[in-house]
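Sequences listed follow chains A and B, in order. Note that the numbering used here has the first sequence beginning at 1, numbered continuously upward. Note that the numbering used here has the second sequence beginning at 1, numbered continuously upward.
There could be a bad hint or two in this list.
[To be verified] Here are the computed distance ranges between Cβ atoms for each label pair: (1) S45(B) <-> D167(A): 53 to 59 Å; (2) S212(A) <-> S45(B): 50 to 56 Å; (3) G4(B) <-> D234(A): 34 to 40 Å.
Source of the hints: derived by calculation from the structure; they are not laboratory data. These figures come from a predicted structure and were not determined experimentally. C-beta atoms are modelled at their ideal positions from N, C-alpha and C, and glycine is treated no differently.
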Amino acid sequence: MESGLSEIGSTKMFDGFNKRYKHYSETLGCSMTFSVYFPPSASSSRRFPVLYWLSGLTCTDENFIIKSGAQRAASTRGIALVVPDTSPRGLNIEGEADSYDFGVGAGFYLNATQEKWKNWRMYDYIVSELPKLLSENFSQLDTTRASISGHSMGGHGALTIYLKNLDKYKSVSAFAPIANPINCQWGQKAFTNYLGGNKAAWEEYDATCLISKFNNLSATILIDQGENDQFFPDQLLPSKFEEACKKVNAPLLLRLHPGYDHSYYFIATFIEDHITHHSQALKL
Amino acid sequence: MESGLSEIGSTKMFDGYNKRYKHNSETLGCSMTFSIYFPPSPSSSHRSPVLYWLSGLTCTDENFIIKSGAQRAASTHGIALVVPDTSPRGLNIEGEADSYDFGVGAGFYLNATQEKWKNWRMYDYVVKELPKLLSDNFSQLDTTRASISGHSMGGHGALTIYLKNLDKYKSVSAFAPIANPINCPWGQKAFTNYLGDDKAAWEEYDATCLISKFNNLSATILIDQGENDQFYPDQLLPNKFEEACKKVNAPLLVRLQPGYDHSYYFIATFIEDHISHHAQALEL
Chain A
1 MESGLSEIGS TKMFDGFNKR YKHYSETLGC SMTFSVYFPP SASSSRRFPV LYWLSGLTCT
61 DENFIIKSGA QRAASTRGIA LVVPDTSPRG LNIEGEADSY DFGVGAGFYL NATQEKWKNW
121 RMYDYIVSEL PKLLSENFSQ LDTTRASISG HSMGGHGALT IYLKNLDKYK SVSAFAPIAN
181 PINCQWGQKA FTNYLGGNKA AWEEYDATCL ISKFNNLSAT ILIDQGENDQ FFPDQLLPSK
241 FEEACKKVNA PLLLRLHPGY DHSYYFIATF IEDHITHHSQ ALKL
Chain B
1 MESGLSEIGS TKMFDGYNKR YKHNSETLGC SMTFSIYFPP SPSSSHRSPV LYWLSGLTCT
61 DENFIIKSGA QRAASTHGIA LVVPDTSPRG LNIEGEADSY DFGVGAGFYL NATQEKWKNW
121 RMYDYVVKEL PKLLSDNFSQ LDTTRASISG HSMGGHGALT IYLKNLDKYK SVSAFAPIAN
181 PINCPWGQKA FTNYLGDDKA AWEEYDATCL ISKFNNLSAT ILIDQGENDQ FYPDQLLPNK
241 FEEACKKVNA PLLVRLQPGY DHSYYFIATF IEDHISHHAQ ALEL
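Assemble the whole structure, with the sequences as input and the hints as a guide.
Listed below in structure tokens is the structure:
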């Protein structure tokens, strides 16, 4: 294994393995952990496509592995799950842990432009550094066949990263994404602090704005949203994204689910549908 | 709802609901929480059979609900999951929280005879108080059709409770159970402190001893055991239980699972098999 990357955990699940790794990130300037679920393989030369999962506010790389039950469908379909953390850690920037919705555990999958938060480059970490690290260290992963998904802030991350990198991902899906951050409190707080007052910079990280520019999609966007979600609609605004998709004829399937909330119980219930969605795009 | 019983949480999952309750336990002399997964119901008069799940050392009533993914199969089969806590809490008995394997979170599903631990009556709580509370308060549960399962210390609990109450449960299963507590450090520590030195009293709570007395079983006992489990074999001793079953021709299926450890990832992998096992015995 390349120097700096070490395996820090391994457990068998659904015939494959949850593995956890630690490495030093050049992009973020700190040590980072990430998790990978490797599906079972009959041969050592088999290479698996990758589904990146981006988690929401307050999460680490562990929550999805522990709570989602996604490994069941990932095992059946032969898709590897790659789960990064949600922000740089350990940098001890003043104020970084003051609130649950900004700073540590709240990286918003962007490259900050404000000097204080210059290490907050989760966009580059996900789009550039992590895939390169995977392809250099895991021959059993085929990073050229990748899709992306996520929850809440991670749903925002998945949508925006996908739209700006249509050549890199075959499909996207999201659970309760922050679909229009420039128009909700979470997004406004994050963008003000990470990106400053430049509204054009804000729009570069808003799926509802991006879809008008980048909409030559090869696959339908799948979004699941719980109707009993305490953050719906005001922090999430899927209707805004839906309107924007309609304007440019972008294929969107938005499913509203009565009774479901914002939790991992919601994710666990529908994750198999998302993995099926990505399997189709990844031609499995 | 009967006074003293209150609902403290509710989330939709796989079309049913995880609900959490709090009540004052007469048996234990303290406030207790327990969780129930209610599967989706075809009609308001429909009554679901019950699978009791007993958790292991350090767990509460929440771990299984969060980590097992059992709700998926429970929903499909129409079985309610009832998950009690693992010991009395809040009594502030001196030393009760000194170790992870005794006292709080380590009730061992017995009725203690030693004065200091007189509140530790998890056997009566699980066998008598909880079923009565359920039948008095939840018309959608049919407690006359019940099975029991558990993990580790909870596997010990499920096996011993089942064998001593063959009239009350249709089937039993266990994950990595402490199958012969009188012969392992965990069991010896617990029994010494809860039951004193009376070895005959110890045997009343040891499945390997009990099977020789109580073996007129209507269903096969299903046990899954990970071979990469750090506590196997010395704390768990399934081979001792297997020998004892053979002696009396009790139907047992022990499945050793290469590569699996003691964790909830192991439980999540095989829980569907266990629920199918119980569904058959419950005639679903």
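_Are any of the numbered hints broken by this structure? If so, which, sorted upward?_
No hint contradicted; all consistent.
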